[in-house]
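There are 2 protein chains.
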Amino acid sequence: MVSPKAAPEKAKIVKVEPLDSKDAKWTKLEKITYTDPNGKERPWECASRPTRPKSSDVDAVAIIAILEKPDGPEIVLQKQFRPPTGGVCIEVPAGLVDPNESIETTALRELKEETGYIGKVISKSPTIFNDPGFCSTNLSLVVTSIDLGDERNQNPTPELEEGEFIETFSVPIKDFDDQLRKLDSQGYKIDSRVQNIAEGIKIAQKFKL
Amino acid sequence: MVSPKAAPEKAKIVKVEPLDSKDAKWTKLEKITYTDPNGKERPWECASRPTRPKSSDVDAVAIIAILEKPDGPEIVLQKQFRPPTGGVCIEVPAGLVDPNESIETTALRELKEETGYIGKVISKSPTIFNDPGFCSTNLSLVVTSIDLGDERNQNPTPELEEGEFIETFSVPIKDFDDQLRKLDSQGYKIDSRVQNIAEGIKIAQKFKL
Chain A
1 MVSPKAAPEK AKIVKVEPLD SKDAKWTKLE KITYTDPNGK ERPWECASRP
51 TRPKSSDVDA VAIIAILEKP DGPEIVLQKQ FRPPTGGVCI EVPAGLVDPN
101 ESIETTALRE LKEETGYIGK VISKSPTIFN DPGFCSTNLS LVVTSIDLGD
151 ERNQNPTPEL EEGEFIETFS VPIKDFDDQL RKLDSQGYKI DSRVQNIAEG
201 IKIAQKFKL
Chain B
1 MVSPKAAPEK AKIVKVEPLD SKDAKWTKLE KITYTDPNGK ERPWECASRP
51 TRPKSSDVDA VAIIAILEKP DGPEIVLQKQ FRPPTGGVCI EVPAGLVDPN
101 ESIETTALRE LKEETGYIGK VISKSPTIFN DPGFCSTNLS LVVTSIDLGD
151 ERNQNPTPEL EEGEFIETFS VPIKDFDDQL RKLDSQGYKI DSRVQNIAEG
201 IKIAQKFKL
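Residue numbers (full-length UniProt numbering), protein chains in the order written: chain A, 1 to 209; chain B, 1 to 209.
These are computed hints drawn from the structure, not numbers from a lab.
Bear in mind that the values here come from a model prediction, so they are computed numbers and not experimental data.
Please note that a few of the clues may not be correct.
When chains are identical, the list treats them as one kind, so a pair holds in a single copy or across two.
[What the hints assert, rightly or not] Derived lysine-lysine pairs resembling DSS-like cross-links, with alpha carbons at most 27 Å apart:
hint : residue 1 : residue 2
1    : Lys28     : Lys206
2    : Lys10     : Lys69
3    : Lys206    : Lys112
4    : Lys182    : Lys12
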């Protein structure tokens with residue numbers, strides 16, 4: 001289940017330059033003025049995405065896609081070169097919400113496009129914020145299950161856009177944290193959402209929930 | 001364990017204005033040029049923090065602080081007005097790394113300052129990235145346990161900075177996701193790291209890991 005042509009490790013940073021706000025298309029900076037609980041006015045700086053559709057309260061979805069394999073469940077992960085991290089990142093499938101699209105539709109569309117799998121929505125998180133002190137970007141996390149008995153999931157073929165080089169793989173849930181530490185030691189960059197799923201699993205295991 | 005004076009719900013947004021890069025102190029925009037796996041040059045826009053100390057590869061730490069109570073473990077959470085989200089956010093204790101400070105030292109310092117608790121470090125995650133397609137901000141997630149038998153933890157007193165209005169509370173781990181959905185329905189904004197811990201716990205429970 002690996003697209004051999006993706007090879008995200010071959011990507012490289014050439015240069016990093018300051019970007020002026022007026023030349024930015026995908027990011028913007030904002031100055032927020034707020035009153036604190038005592039009524040005192042204070043400033044706050046914020047980065048945001050100017051691409052959120054008017055029809056939506058969220059920028060994006062992230063997808064926890066679970067493969068129920070005979071020898072135990074696995075989570076679908078991706079390797080993708082992410083210029084802001086300077087390396088290849090380990091993430092769950094994700095994507096920006098299109099205008100007039102529901103969270104569930106975005107999730108199943110992005111899952112199909114990025115991994116080739118047809119999934120079924122199990123649950124949807126509240127709106128969650130990636131880095132609430134720094135930026136306003138947010139998402140909903142959608143848990144999906146992938147029926148490996150479904151004929152359409154026998155030979156999943158991603159439909160990547162030009163410029164997307166995503167390698168899809170999956171790892172067992174039972175030792176998810178160990179798998180992430182191994183990927184980290186190999187030089188991959190771990191997305192915080194992925195690591196936090198692992199932390200939750202470890203906590204549940206430790207306290208026998 | 002609630003600081004009655006914090007009242008983060010009383011904070012309010014007054015106005016939001018565009019911010020020019022040259023006037024930004026806490027955020028910056030960058031234009032990255034990279035070569036994709038086929039060798040083709042491509043541009044990428046990125047937001048970043050100019051505050052990361054030279055001594056550190058990470059911007060910040062986040063702290064999963066576990067209270068081992070007689071009737072079951074609880075996780076320490078915080079309510080804090082976060083201007084980028086436009087509301088009061090549910091987060092774990094966290095803070096920026098100071099120059100020449102180790103991850104563990106930052107974690108125990110911030111835990112003490114923000115909650116009053118003396119903790120013990122149990123584990124430290126790899127470096128993780130908050131929103132790797134959008135910004136370069138990153139952190140390490142530190143799991144700590146708080147010994148409620150320790151005399152110093154009997155009457156925890158936060159040492160908040162001027163302008164910080166943080167309310168600390170804790171919720172049982174066993175129904176963590178339900179607790180977050182309740183907070184969401186009350187209008188609080190959920191940090192993605194907190195939600196993802198809940199997703200990990202739910203997955204472990206579902207698959208009886």
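Quick rundown of the hints versus the structure:
1. Proximity of Lys28 and Lys206 under a CA criterion of 27 Å is satisfied in neither setting, with 42 Å inside one chain copy and 40 Å between copies.
2. In the homo-oligomer, the alpha carbons of Lys10 and Lys69 never lie at most 27 Å apart, since the shortest distance is 31 Å inside one protomer and 49 Å across protomers.
3. Proximity of Lys206 and Lys112 under a CA criterion of 27 Å is satisfied inter-copy only: 24 Å between copies versus 35 Å inside one chain copy.
4. In the homo-oligomer, the alpha carbons of Lys182 and Lys12 lie at most 27 Å apart inside one protomer (22 Å), although the nearest pairing across protomers, at 44 Å, exceeds that limit.
Of the hints listed earlier, those the structure fails to meet are numbers 1 and 2, in rising order.
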